[in-house]
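Residues per chain are reported as follows:
Protein chains: 6
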Amino acid sequence: MNKKNFTHLDKSKSPQSVDVSNKKASLRTASAQGIIKFNNKSFQKILNLKSKKGDIIGVAVIAGIMAAKKTSDLIPLCHNIPIDDVKIKILTQKSSNSFKLICSVKTFAKTGVEMEALTGVTIACLTIYDMCKSLDKKASVEEIKLLKKSGGKSGEFTT
Amino acid sequence: MNKKNFTHLDKSKSPQSVDVSNKKASLRTASAQGIIKFNNKSFQKILNLKSKKGDIIGVAVIAGIMAAKKTSDLIPLCHNIPIDDVKIKILTQKSSNSFKLICSVKTFAKTGVEMEALTGVTIACLTIYDMCKSLDKKASVEEIKLLKKSGGKSGEFTT
Amino acid sequence: MNKKNFTHLDKSKSPQSVDVSNKKASLRTASAQGIIKFNNKSFQKILNLKSKKGDIIGVAVIAGIMAAKKTSDLIPLCHNIPIDDVKIKILTQKSSNSFKLICSVKTFAKTGVEMEALTGVTIACLTIYDMCKSLDKKASVEEIKLLKKSGGKSGEFTT
Amino acid sequence: MNKKNFTHLDKSKSPQSVDVSNKKASLRTASAQGIIKFNNKSFQKILNLKSKKGDIIGVAVIAGIMAAKKTSDLIPLCHNIPIDDVKIKILTQKSSNSFKLICSVKTFAKTGVEMEALTGVTIACLTIYDMCKSLDKKASVEEIKLLKKSGGKSGEFTT
Amino acid sequence: MNKKNFTHLDKSKSPQSVDVSNKKASLRTASAQGIIKFNNKSFQKILNLKSKKGDIIGVAVIAGIMAAKKTSDLIPLCHNIPIDDVKIKILTQKSSNSFKLICSVKTFAKTGVEMEALTGVTIACLTIYDMCKSLDKKASVEEIKLLKKSGGKSGEFTT
Amino acid sequence: MNKKNFTHLDKSKSPQSVDVSNKKASLRTASAQGIIKFNNKSFQKILNLKSKKGDIIGVAVIAGIMAAKKTSDLIPLCHNIPIDDVKIKILTQKSSNSFKLICSVKTFAKTGVEMEALTGVTIACLTIYDMCKSLDKKASVEEIKLLKKSGGKSGEFTT
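Residue numbers (my numbering), protein chains in the order written: chain A, 1 to 159; chain B, 1 to 159; chain C, 1 to 159; chain D, 1 to 159; chain E, 1 to 159; chain F, 1 to 159.
Warning: the hint list may mix true and false statements.
Note that identical chains are pooled: a pair holds if it fits in a single copy or bridges any two copies.
[Unchecked claim] Straight line, CA to CA, 30 angstroms or less: simulated DSSO-like cross-link-like pairs of lysine-lysine: (1) Lys94 to Lys153; (2) Lys24 to Lys100; (3) Lys94 to Lys24; (4) Lys23 to Lys11; (5) Lys24 to Lys13; (6) Lys23 to Lys94; (7) Lys100 to Lys89; (8) Lys138 to Lys23; (9) Lys100 to Lys11; (10) Lys41 to Lys148; (11) Lys137 to Lys41; (12) Lys24 to Lys137; (13) Lys138 to Lys45; (14) Lys94 to Lys138; (15) Lys148 to Lys70; (16) Lys153 to Lys13; (17) Lys37 to Lys145; (18) Lys94 to Lys41; (19) Lys137 to Lys45; (20) Lys45 to Lys94; (21) Lys13 to Lys137; (22) Lys138 to Lys24; (23) Lys37 to Lys100.
In case anyone wonders, no lab produced these hints; they're calculated from the structure. Every value quoted in this text rests on a predicted model; they were computed, and no experiment measured them.
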């Protein structure tokens with residue numbers, strides 16, 4: 001069988017969840033990134049604030065972790081699985097007036113956690129937007145993508 | 001007062017929700033976009049499928065509408081408000097192997113719906129990723145941003 | 001315009017939520033019924049229990065009220081609106097070994113509460129099933145339907 | 001001990017969850033059905049639509065899958081367990097102006113998935129009602145019942 | 001009518017939600033407190049940490065705000081209403097090795113926000129417990145109570 | 001390593017979830033208590049009611065069980081895990097006009113269920129408050145604390 005099928009569509013092309021009952025549970029990890037960009041003036045204000053208190057970042061991390069746990073409630077065909085770990089890191093990229101966020105998720109389950117990592121990083125980015133939108137409505141979220149995954153039949157993936 | 005403050009931080013820079021009890025309810029709208037990009041081969045496969053059944057798109061639209069209604073559960077400092085309308089449009093951009101999604105939200109409330117539009121469009125993009133990730137794990141979500149908003153004290157905003 | 005259209009489909013027959021931003025808020029009510037039928041032996045056991053403690057019924061009422069409040073989270077195109085009242089009544093129908101449940105909902109909003117009444121009554125019926133399934137797996141839920149609605153442009157409806 | 005007890009009631013007849021900590025996890029499956037009936041005129045309109053686009057059906061399938069994953073949030077005494085698969089099939093029954101929906105669920109857990117199958121099929125039926133209620137408010141949902149289950153101590157069950 | 005009835009029980013003493021459809025919406029506020037007490041050694045460690053980063057407090061504030069918005073999902077007979085503001089303050093009480101938390105909520109609605117204030121303050125206290133339980137499992141939450149409420153027919157209340 | 005660290009803070013004192021991917025799943029239990037106190041007059045009214053119908057208690061038990069299942073949605077850094085059992089007992093303490101509630105939770109997982117027991121008991125107490133607040137707004141919730149836990153690396157804990 002060609003692995004590169006639409007596994008979320010059945011033969012009649014209707015949406016379906018993937019039956020994982022025959023899969024073996026194993027350690028699976030995934031990391032995803034997202035970047036939120038500001039104009040220079042806003043970014044400087046946020047950096048000034050961050051050096052003192054870090055609250056914007058703190059709220060975003062919590063929002064991202066909570067969202068990752070809620071992924072199966074948001075992405076219709078995602079399985080609900082126990083999550084062993086969610087970490088969110090936020091890197092300051094001064095040259096581009098942006099923060100790069102990386103969300104890493106682990107589970108021991110029959111299916112991977114790519115969508116959990118992507119959902120976590122995205123909601124964290126949107127939370128930063130929400131915290132700063134009174135300052136800069138034009139901020140954008142960019143380059144949301146899977147960085148790597150491990151575990152399961154499809155094995156390692158790295159960008 | 002300078003409008004460009006961090007309204008989500010109090011004087012001691014701790015996170016706070018914005019007190020809207022003195023605001024007047026009014027019609028408020030917001031639109032946001034997001035773009036999901038594939039490699040050419042995957043994009044062609046999706047287009048072939050779409051021309052027949054549209055199921056991937058259909059699932060993404062439903063996921064985005066449901067997520068927009070759940071915004072206050074995801075973005076910590078968002079108010080829970082009744083939503084009058086959520087529309088999600090999906091434009092095929094053949095020249096860039098991508099779909100542009102636009103989510104438009106309306107409410108009659110004391111606070112705006114920017115975060116609802118951004119949350120709706122983002123979860124719709126991630127749902128397309130989920131439906132197609134067996135085909136192309138490297139697809140990315142790009143240029144998530146507010147397109148316009150109307151209503152409320154801060155008035156019109158257009159990119 | 002013909003009122004009997006699919007208001008949840010747009011011109012291209014894609015699903016959409018109904019834009020209620022131009023509607024006027026008004027008092028709206030709806031009632032829906034559902035019937036859960038048992039075999040005679042199980043029904044007698046439940047009746048014996050009910051005459052003493054009523055706990056099965058009590059759990060079902062709470063489950064139905066909570067589900068009615070969650071309707072917009074379950075039915076994809078339902079609006080999230082504040083609910084003013086949810087009542088669930090349970091009538092014993094000895095001749096047919098069944099309980100008839102009636103859920104009545106009120107709101108002051110731009111859209112009706114038919115789906116809230118139907119969701120409330122259905123989850124209450126399924127909760128009774130859950131509480132009694134160790135006794136009678138063959139119990140069935142029957143005749144779930146809207147009994148009446150009032151308010152809004154489409155006016156009164158009674159079966 | 002007589003197996004046909006109210007396992008969801010303790011000795012004093014108060015509601016309780018069932019302690020499954022001593023049970024062994026195993027593959028468990030369940031299927032449930034529900035039927036939604038229209039008047040002939042409405043049913044023909046829906047069929048005409050379905051032959052073209054299938055969107056009503058598509059929305060109902062997604063709603064049912066998402067609801068099945070949320071069962072423990074709706075049915076008070078249901079355990080929250082990882083779900084391995086949810087499938088929803090929709091059969092057109094022309095002779096009775098109705099659709100028969102069948103929801104099949106799989107898990108590898110200490111407790112069965114009857115309630116997940118019943119919740120999934122029911123919310124899918126109610127979603128079809130919601131999508132078509134502007135056309136036919138008198139549509140009813142009928143014969144919601146468990147079709148079969150397998151796995152666990154109580155073993156096979158078939159209607 | 002005697003105001004001091006069980007408004008959440010009907011004449012047959014069955015639980016019911018309160019019908020607020022005849023009430024007038026008005027500004028309503030409520031504040032509630034909760035206290036979390038540690039042993040002296042743990043409290044000093046937390047204070048040292050707090051003086052530097054405040055992260056424990058920050059997470060608790062976010063958890064409390066999010067929980068207040070979810071109150072109608074947790075307290076079965078609470079109405080779902082739009083919340084205009086949630087503030088959580090945390091006071092350090094050195095003499096008793098404790099933090100006093102105060103949650104203040106505002107709405108413009110037909111029913112009060114006592115339960116929202118109580119739910120917010122309680123989940124914030126439990127979040128502090130969770131963040132510190134590796135240090136001091138014996139910490140306790142004390143004196144959760146309503147401090148004041150205003151608005152609505154029953155008028156002002158102050159402890 | 002000193003076990004008594006803040007395991008929910010990383011080296012830079014930012015909040016983090018605990019990575020449990022290397023832990024072994026095992027049977028874990030936890031019990032927590034909470035006490036709700038009334039004035040004497042209200043307490044007598046509630047007792048009179050309780051002797052007849054028990055509905056207040058019944059609603060509180062259901063609310064507590066449902067809340068315990070939702071713990072990971074409320075406490076930001078709690079893992080989402082399958083819960084094997086939740087029991088809530090309510091003891092009448094006539095000498096102090098109070099009810100003592102005890103919530104006991106079991107799981108087979110990589111992490112403990114202290115927060116589930118605490119969340120369950122607390123929401124059950126707040127539900128009793130909600131059911132009785134028309135009678136006695138000054139009722140308070142007291143002495144919420146962990147009673148015991150078993151399982152996992154940190155072993156037995158008893159107050």
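Now the hints, each set against the structure:
no.: 1; hint: Lys94 to Lys153; result: neither (39 angstroms within a copy, 32 angstroms between copies)
no.: 2; hint: Lys24 to Lys100; result: neither (34 angstroms within a copy, 33 angstroms between copies)
no.: 3; hint: Lys94 to Lys24; result: neither (44 angstroms within a copy, 39 angstroms between copies)
no.: 4; hint: Lys23 to Lys11; result: within (21 angstroms within a copy, 37 angstroms between copies)
no.: 5; hint: Lys24 to Lys13; result: within (27 angstroms within a copy, 37 angstroms between copies)
no.: 6; hint: Lys23 to Lys94; result: neither (44 angstroms within a copy, 37 angstroms between copies)
no.: 7; hint: Lys100 to Lys89; result: both (8 angstroms within a copy, 28 angstroms between copies)
no.: 8; hint: Lys138 to Lys23; result: between (45 angstroms within a copy, 24 angstroms between copies)
no.: 9; hint: Lys100 to Lys11; result: between (40 angstroms within a copy, 20 angstroms between copies)
no.: 10; hint: Lys41 to Lys148; result: between (33 angstroms within a copy, 21 angstroms between copies)
no.: 11; hint: Lys137 to Lys41; result: within (13 angstroms within a copy, 35 angstroms between copies)
no.: 12; hint: Lys24 to Lys137; result: between (46 angstroms within a copy, 22 angstroms between copies)
no.: 13; hint: Lys138 to Lys45; result: within (15 angstroms within a copy, 34 angstroms between copies)
no.: 14; hint: Lys94 to Lys138; result: both (18 angstroms within a copy, 26 angstroms between copies)
no.: 15; hint: Lys148 to Lys70; result: both (21 angstroms within a copy, 29 angstroms between copies)
no.: 16; hint: Lys153 to Lys13; result: within (24 angstroms within a copy, 37 angstroms between copies)
no.: 17; hint: Lys37 to Lys145; result: both (16 angstroms within a copy, 10 angstroms between copies)
no.: 18; hint: Lys94 to Lys41; result: within (12 angstroms within a copy, 36 angstroms between copies)
no.: 19; hint: Lys137 to Lys45; result: within (14 angstroms within a copy, 36 angstroms between copies)
no.: 20; hint: Lys45 to Lys94; result: within (12 angstroms within a copy, 34 angstroms between copies)
no.: 21; hint: Lys13 to Lys137; result: between (40 angstroms within a copy, 20 angstroms between copies)
no.: 22; hint: Lys138 to Lys24; result: between (45 angstroms within a copy, 25 angstroms between copies)
no.: 23; hint: Lys37 to Lys100; result: both (9 angstroms within a copy, 19 angstroms between copies)
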